[in-house]
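K.L.:
Letter by letter, the chains look like this.
Protein chains: 2
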Amino acid sequence: MNKPNAYQQLSQHFQQLAKLSHLNAITSWDQATMMPDGGNQARAEALAELAVIIHEKSTQPQLEEWLEQAKSQNLTSVQQASLREMERSWRNSTALPADLVKAKSLATARCEHAWREQRKANNWQAFQVNLQAVMQLAIEEAQIRADKSGLSRYDAMLDLYEPGMQMQRLDLVFGELQTWLPQLIQEVVDKQASWPKLKQYGNFPSEQQKQLGLAVMQKLQFDFKHGRLDVSAHPFCGGVPSDVRITTRYEEEDFTRSLMGIVHETGHARYEQNLPLDLVDLPVGQARSMGIHESQSLFFEMQLGRSQAFVEQLHPLVKQHLTQAKNMPLSELQQHYLSVKPGYIRVDADELTYPAHIMLRYQLERDLINQEIKVADIPELWDQKMQQYLGLSTKGNDKNGCMQDVHWPAGLIGYFPSYSLGAMYAAQFHAALVKAKPDTPDAVAKGDYSGVFAWLKQHIWSQASLYETDELVERATGESLNPAYFQQHLRSRYL
Amino acid sequence: MNKPNAYQQLSQHFQQLAKLSHLNAITSWDQATMMPDGGNQARAEALAELAVIIHEKSTQPQLEEWLEQAKSQNLTSVQQASLREMERSWRNSTALPADLVKAKSLATARCEHAWREQRKANNWQAFQVNLQAVMQLAIEEAQIRADKSGLSRYDAMLDLYEPGMQMQRLDLVFGELQTWLPQLIQEVVDKQASWPKLKQYGNFPSEQQKQLGLAVMQKLQFDFKHGRLDVSAHPFCGGVPSDVRITTRYEEEDFTRSLMGIVHETGHARYEQNLPLDLVDLPVGQARSMGIHESQSLFFEMQLGRSQAFVEQLHPLVKQHLTQAKNMPLSELQQHYLSVKPGYIRVDADELTYPAHIMLRYQLERDLINQEIKVADIPELWDQKMQQYLGLSTKGNDKNGCMQDVHWPAGLIGYFPSYSLGAMYAAQFHAALVKAKPDTPDAVAKGDYSGVFAWLKQHIWSQASLYETDELVERATGESLNPAYFQQHLRSRYL
Ligand SMILES: [Zn+2]
Ligand SMILES: [Zn+2]
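Residue numbers (the working numbering), protein chains in the order written: chain C, 1 to 495; chain R, 1001 to 1495.
Since the hints were made in silico from the structure, they are not lab data.
Please note: incorrect hints may appear among the correct ones.
[Said to hold, decoys possible] Result set (DMTMM-like, lysine to aspartate or glutamate): computed pairs, CA atoms no more than 20 Å apart in a straight line:
(1) R:LYS1385 - R:ASP1367
(2) C:LYS19 - R:GLU1207
(3) R:LYS1057 - C:ASP37
(4) C:LYS19 - R:GLU1056
(5) C:LYS225 - R:ASP1037
(6) R:LYS1225 - C:GLU207
(7) R:LYS1341 - R:ASP1254
(8) R:LYS1019 - C:ASP37
(9) C:LYS57 - R:GLU1049
(10) C:LYS57 - R:GLU1056
(11) C:LYS19 - R:GLU1049
(12) C:LYS57 - R:GLU1045
(13) R:LYS1057 - C:GLU49
(14) R:LYS1019 - C:GLU207
(15) R:LYS1225 - C:GLU45
(16) R:LYS1385 - R:ASP1348
(17) R:LYS1210 - C:GLU45
(18) R:LYS1019 - C:GLU56
(19) C:LYS210 - R:GLU1207
(20) C:LYS19 - R:ASP1348
(21) R:LYS1057 - C:GLU56
(22) C:LYS210 - R:GLU1087
(23) R:LYS1019 - C:GLU49
(24) C:LYS225 - R:ASP1348
(25) R:LYS1210 - C:GLU207
(26) R:LYS1457 - R:ASP1470
(27) R:LYS1019 - R:GLU1087
Just so we're clear, the structure is a prediction, and the values are computed from it rather than from any experiment.
Chain C on its own, in the form it takes in the complex (with noise of 0.2 Å):
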């Protein structure tokens, strides 16, 4: 057998990488749904030896030198992506010198174990000191990241979980939104004051609505030969593409939001379930970004999930499963997955007000990692944006304003654009969608959402990574990111 080449050796690396990301899928998923409190502290540490030798592995000397010699190797143009793809994997899990990575553990560490009572405390006091040691790391790694890739430093951290989105771009696209979406929000509420106040109806059992996550998983398409449906206390979709393993958290007043976010996860899961097996263990067969994720998610809650088609064919199965919702009025479940109510939690965010949320996220974490604010202004300048965009202020509410998220404390910059990304993404794939086969509502109003499924696949499932994002979605629609498509989505539905 002739010595591997340069591209056959990365190939092999990264394989075995995949495996091990495997193992690390795995026991997190059992963490998070199956395992007794008694056993975290063992989890924790076998979790970190793992990390350990995954980090080992990625950054070994002989694979610098392996990208550079593949690069002259006759590729064809999937092994381009391919190593395309690897590169990037390679530069992002070598970039950071061993102490800032540790120092940064530390710190996102410290400042997260800590937020959790600081949050309920409303103590920003506290809370700030420890944010401004992660954010001041943050602004290091950017720095980093940006002088060895090229790019800026917010750009640089949007390369982790969007690779090729800009800063530039983000300005344009929420500063159009802005000019819009906060009187869209106003005019929807006016709209919607005039609607009867919903009627309770008691406890769903858990049991009951897990039957019904299923029943309605069964309706997406959900292989449950490559996956599982299970509880956590934060929904996730997790485990591998042969294995995806699904959550959700029942709350016993409220079946609705638990079974959306079924629907949610059902469409990361499709994503995962229909990736190209050929390439399942190689970066480039991997997810194309958060964003795109997000995007499927998003398709299936918004765009497919909260349709009037979809939750006409939703309420039999509702009446079927929960006894106590069997004379629910179908009216009823269409206005709980229409009602827009400005808030003051991300989460919790309707789909018209949600954008709102990331917008304010984006401009906040861009101008920190920029150095133009600082952390001590987060507060006055959260408080008056949130009037601006929800009319609300969270002056002296820190807990329900600035405070009620985990991602800055845990060090992830660059991240919040992509679910409002993923909503725009998924707008302009369903418009894209319908203009392709124009036949598509009169099916899915039949049931019938095998187009739609096909159509994904076709254009996003199986496309993994072979693309960077602008060339995928503009294979798949025409266009690149086209913010417009969300807009008239928003209007159609909610005006």
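Since the structure of chain C is provided, determine the placement of chain R with the ligands on it from the hints.
P.N.:
For chain R with the ligands alone, coordinates are given in the frame of chain C:
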């Protein structure tokens, strides 16, 4: 900080290995309990990759050096015991050359895989070809282990599961057993001939059985902060000491098996949950041996679980949790747990006939490894011994004879004796406990097991691998293995 000395280096090494074993334990548990079918390929590959990493670390060349150096260090007695167990672990994991490990892994995978169909088809002719290949490699393995350890071939294999045990002693133990067991079985069968036929009570839903099982685990002081109960095709006790995962399998027609299975696995679990925390990541902090492990599960299942007192306390729980058993009289429950009936299948055997199955397997595998018999001789010898010990012929019925177990196809030689050693140790421990605390039977009759558990914790669980098996047993009972207690126990229970 000073450079760590050899003993400290070794400790760090084994602590790291324990973290990797943790990942293996949890993902293997998940594979058996949670994983959907379609996840198996990727899981198998991830586990194989982990095995490679564990093997690489376990065979690092520095280990031999450190082991040598540590022997001349000034060590406490606990450290000396720790060093002894580290050396045993190192010796067992480095003994085989890589090509033999690989050949064995291929041969056993092939044999085991084909066996699943060949057994169903009663196809000894096809099966024996694969088994011959496995056995040939097992003989090679035993020879290499013998050369490296200075033990005899079979003893070197025993050392993997039951360190310190020897063929010579097993010959005595089983030789003696053979003189009285077949006769005793016959007497008990005759005595039970007049017992009434057991009634059918209809179906017992799994969920009710699960709640009953959990109630019994609670009674047996299983620590649910450090463990859980789930379902798998083959019941086992897995996980890690701070997070012990036991499993069962519910048969809706018969709750008694799964229930006593849960009692059995709870015995394994409490041993694991009560290993000394400060040593838990080192070989010396692990369970002493397969035989001692089985002594704890069999203490729970046989000494305690099938005792009159325990079954009396089980009875109201059974009636409370199982709708269909709410009128079941105590006498029937007792009869379920004391019935003796010679049968073909080891895993279905009762307490009294089980050792006959083990005796037979021990004698054959010993002679196979010592090349006194050949694989081709197995069916005839099996039939002879089954007739001699249990009065049953397996002629032409290999699927319920020598093809019933996965152990030999999987290359496990030296493992079977631990089942009966466990039963013997359990009887000896029980006798020592009653001698030390004569009020034990009274307390147990009142449902107070605290004295029992305190004794086990003090003498067995907390001792982990601090002592070799003989010393552990002597310290606990005043003598080394004495099978007379097992005979006494069986006679007093069944005659
Ligand atoms: Zn999502
Ligand atoms: Zn056992």
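K.L.:
Could you tell me which of the hints above the structure violates, numbers in ascending order?
P.N.:
2, 3, 6, 14, 17, 20, 22, 24
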